[in-house]
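Could you build all of it, start to finish, from the sequences and the hints given here?
Okay, here's what each chain looks like letter by letter:
There are 2 protein chains.
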Amino acid sequence: MSVLVVGTVAFDSIETPFGSAERILGGSASYFALGASFFAAVRIVGVIGEDFPQDYLDLFTQRKIDIDGIEREKGDTFHWRGRYHEDINLRDTVELHLNVLAGFEPKLPERYRDAEYVFLGNIDPVMQLEVLNQLRRMKLVACDTMDHWIRESNEELKKVLKRIEVLVINDSEARLLSGYDNIVKAARAILKMGPKMILVKRGEYGVLQFSDSSVFATPAYPLEQVFDPTGAGDSFAGGFMGHLARSGDQSQGGLRRAIVYGSVVASFTVEDFGVKRLTDVSLTDIEKRYQGFVELTDFHS
Amino acid sequence: MSVLVVGTVAFDSIETPFGSAERILGGSASYFALGASFFAAVRIVGVIGEDFPQDYLDLFTQRKIDIDGIEREKGDTFHWRGRYHEDINLRDTVELHLNVLAGFEPKLPERYRDAEYVFLGNIDPVMQLEVLNQLRRMKLVACDTMDHWIRESNEELKKVLKRIEVLVINDSEARLLSGYDNIVKAARAILKMGPKMILVKRGEYGVLQFSDSSVFATPAYPLEQVFDPTGAGDSFAGGFMGHLARSGDQSQGGLRRAIVYGSVVASFTVEDFGVKRLTDVSLTDIEKRYQGFVELTDFHS
Numbered sequence: 057m058s059v060l061v062v063g064t065v066a067f068d069s070i071e072t073p074f075g076s077a078e079r080i081l082g083g084s085a086s087y088f089a090l091g092a093s094f095f096a097a098v099r100i101v102g103v104i105g106e107d108f109p110q111d112y113l114d115l116f117t118q119r120k121i122d123i124d125g126i127e128r129e130k131g132d133t134f135h136w137r138g139r140y141h142e143d144i145n146l147r148d149t150v151e152l153h154l155n156v157l158a159g160f161e162p163k164l165p166e167r168y169r170d171a172e173y174v175f176l177g178n179i180d181p182v183m184q185l186e187v188l189n190q191l192r193r194m195k196l197v198a199c200d201t202m203d204h205w206i207r208e209s210n211e212e213l214k215k216v217l218k219r220i221e222v223l224v225i226n227d228s229e230a231r232l233l234s235g236y237d238n239i240v241k242a243a244r245a246i247l248k249m250g251p252k253m254i255l256v257k258r259g260e261y262g263v264l265q266f267s268d269s270s271v272f273a274t275p276a277y278p279l280e281q282v283f284d285p286t287g288a289g290d291s292f293a294g295g296f297m298g299h300l301a302r303s304g305d306q307s308q309g310g311l312r313r314a315i316v317y318g319s320v321v322a323s324f325t326v327e328d329f330g331v332k333r334l335t336d337v338s339l340t341d342i343e344k345r346y347q348g349f350v351e352l353t354d355f356h357s
Numbered sequence: 057m058s059v060l061v062v063g064t065v066a067f068d069s070i071e072t073p074f075g076s077a078e079r080i081l082g083g084s085a086s087y088f089a090l091g092a093s094f095f096a097a098v099r100i101v102g103v104i105g106e107d108f109p110q111d112y113l114d115l116f117t118q119r120k121i122d123i124d125g126i127e128r129e130k131g132d133t134f135h136w137r138g139r140y141h142e143d144i145n146l147r148d149t150v151e152l153h154l155n156v157l158a159g160f161e162p163k164l165p166e167r168y169r170d171a172e173y174v175f176l177g178n179i180d181p182v183m184q185l186e187v188l189n190q191l192r193r194m195k196l197v198a199c200d201t202m203d204h205w206i207r208e209s210n211e212e213l214k215k216v217l218k219r220i221e222v223l224v225i226n227d228s229e230a231r232l233l234s235g236y237d238n239i240v241k242a243a244r245a246i247l248k249m250g251p252k253m254i255l256v257k258r259g260e261y262g263v264l265q266f267s268d269s270s271v272f273a274t275p276a277y278p279l280e281q282v283f284d285p286t287g288a289g290d291s292f293a294g295g296f297m298g299h300l301a302r303s304g305d306q307s308q309g310g311l312r313r314a315i316v317y318g319s320v321v322a323s324f325t326v327e328d329f330g331v332k333r334l335t336d337v338s339l340t341d342i343e344k345r346y347q348g349f350v351e352l353t354d355f356h357s
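Protein sequence lines correspond, in order, to chains A and B.
Each residue of the first sequence is one higher than the one before, counting from 57 in this note's numbering.
Each residue of the second sequence is one higher than the one before, counting from 57 in this note's numbering.
Mixed in with the good hints, there may be bad ones.
Note that the list lumps identical chains together, so a pair holds whenever it fits in one copy or between two copies.
Said to hold, decoys possible - 25 Å max Cα-Cα, derived SDA-like pairs, lysine to any residue:
| # | residue 1 | residue 2 |
| --- | --- | --- |
| 1 | Lys195 | Ser338 |
| 2 | Lys214 | Glu280 |
| 3 | Lys241 | Ile342 |
| 4 | Lys241 | Arg139 |
| 5 | Lys344 | Phe355 |
| 6 | Lys241 | Phe74 |
| 7 | Lys241 | Tyr346 |
For the record, the hints were derived by calculation from the structure and aren't laboratory data.
Following this line, the structure appears as structure tokens:
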């Protein structure tokens with residue numbers, strides 16, 4: 057089963073305490089697609105400018121990611137510049153150039169419209185709604201958002217939330233969206249807005265899953281070196297959705313295992329700059345670290 | 057098997073966003089002892105002043121905690137006043153009166169000296185060393201400390217670390233003690249200082265265990281209401297040591313289950329002011345929430 061992602065395909069310029077990188081491949085759709093591609097066929101919908109290099113597109117096609125939904129428009133590609141603190145959990149956005157993303161109207165190629173597993177990356181909720189309107193037979197739609205949309209496009213975001221199954225969000229966004237400091241209360245309040253399931257990303261502390269029938273917690277994989285946290289959340293979502301599309305198992309156990317696969321993918325992402333690790337590792341590496349998660353968390357045997 | 061704890065028996069005055077309490081029973085030894093008492097016989101060594109009420113001592117004896125090691129000295133009891141922020145993970149010490157604790161020289165009653173399971177609560181490392189010198193046949197010694205001793209009594213603390221098996225510490229203390237920001241590197245560095253095992257307490261994010269042969273992570277139990285975090289860490293240590301003393305199982309699995317029992321006890325502690333919940337709940341409640349931890353973290357079935 058294939059997975060469709062709509063989101064940004066971008067240039068990222070990143071500074072961390074361990075080094076810096078200029079105009080490397082970034083964007084929510086890029087990280088998601090590479091993360092999901094270990095498990096399932098992936099289709100990207102996004103927009104790039106004239107300056108976007110063929111090399112970066114080749115990275116996708118080498119992973120058999122379908123890029124027919126990436127439109128090339130006149131102008132420059134979306135560019136984000138960020139700087140991480142000594143405490144690698146904190147970052148500042150130094151520059152943000154929307155460029156071609158500003159006028160983007162996502163149009164799904166006809167053959168994309170039957171997509172069953174869909175991820176709406178962190179873009180304007182208006183665009184997310186446009187995508188939902190073009191889909192015909194979704195089985196599972198997940199979506200991400202951010203503080204900016206929660207504050208500035210709250211009404212549109214609420215419309216999106218009524219039409220999706222899974223909200224992927226970090227803990228400060230969950231607090232902002234719900235108005236509750238306590239994360240359990242926050243999640244319960246957001247469940248009432250529409251989603252059947254909330255995945256709260258807590259960076260180095262792991263992931264919490266909330267639904268009406270279940271609460272699941274998994275730690276993050278403890279790493280000796282977190283090199284660049286960019287894309288951890290999107291590649292987590294990619295691993296999660298990709299694994300679900302592969303397994304087709306939406307039982308409670310199946311959803312939980314998909315969350316752990318997502319966490320495995322994210323743990324690799326942060327080990328090097330940008331998407332580098334995601335293009336290095338194999339499915340065997342991923343299965344091995346999945347086993348590492350079992351050993352990390354098991355207290356029965 | 058019984059557990060010996062040396063630490064503070066105190067008055068706590070606490071202000072949280074949800075209310076306040078004056079001069080309630082507090083101190084590391086109190087929380088530890090009540091937490092451990094669900095599983096094992098407990099003996100306390102500590103000091104109180106003339107102002108310490110019999111009611112509080114009765115709380116211990118009702119739980120069959122041996123208080124013969126609590127000395128009553130001339131003067132007032134150690135008193136801590138703390139204020140928690142809206143973000144309940146943050147707190148300020150508003151007042152700290154050492155009182156009788158200032159001149160405390162722990163002396164173990166003769167029959168305490170054969171203790172096998174020992175917890176050195178967060179007190180001056182010089183006092184922790186005095187206790188170690190009075191013990192004859194320890195099987196497992198765990199110890200806590202804090203930023204003050206790491207900074208001001210580093211040499212004495214290092215001597216303690218060479219003589220214990222388990223260091224129970226929070227993440228900021230682990231960073232301060234090791235000089236590493238990354239918690240995996242921090243734990244590896246501290247393991248080289250002597251302890252066979254480090255338990256890193258991360259509050260609402262759970263606990264990480266590090267030893268040469270194992271890394272274990274457990275989330276905290278997600279609670280809708282964290283009323284008062286005081287004593288969470290000490291009652292965690294109490295549950296951990298108490299369960300180990302009961303089971304006698306120091307296998308990897310046995311240690312991990314003890315960590316989860318400790319987390320269960322801590323999750324109850326924070327649900328009400330001071331030690332109130334610890335004196336309310338039963339072993340049945342604890343076993344039930346232990347099962348809740350299994351359901352919270354299981355992704356195999």
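These are the hints, each one checked on the structure:
{"no.": "1", "hint": "Lys195 x Ser338", "result": "neither (28 Å within a copy, 45 Å between copies)"}
{"no.": "2", "hint": "Lys214 x Glu280", "result": "between (39 Å within a copy, 24 Å between copies)"}
{"no.": "3", "hint": "Lys241 x Ile342", "result": "between (33 Å within a copy, 23 Å between copies)"}
{"no.": "4", "hint": "Lys241 x Arg139", "result": "between (32 Å within a copy, 23 Å between copies)"}
{"no.": "5", "hint": "Lys344 x Phe355", "result": "both (19 Å within a copy, 16 Å between copies)"}
{"no.": "6", "hint": "Lys241 x Phe74", "result": "between (37 Å within a copy, 16 Å between copies)"}
{"no.": "7", "hint": "Lys241 x Tyr346", "result": "between (30 Å within a copy, 22 Å between copies)"}
Violated hint for the displayed structure: number 1, the only one.
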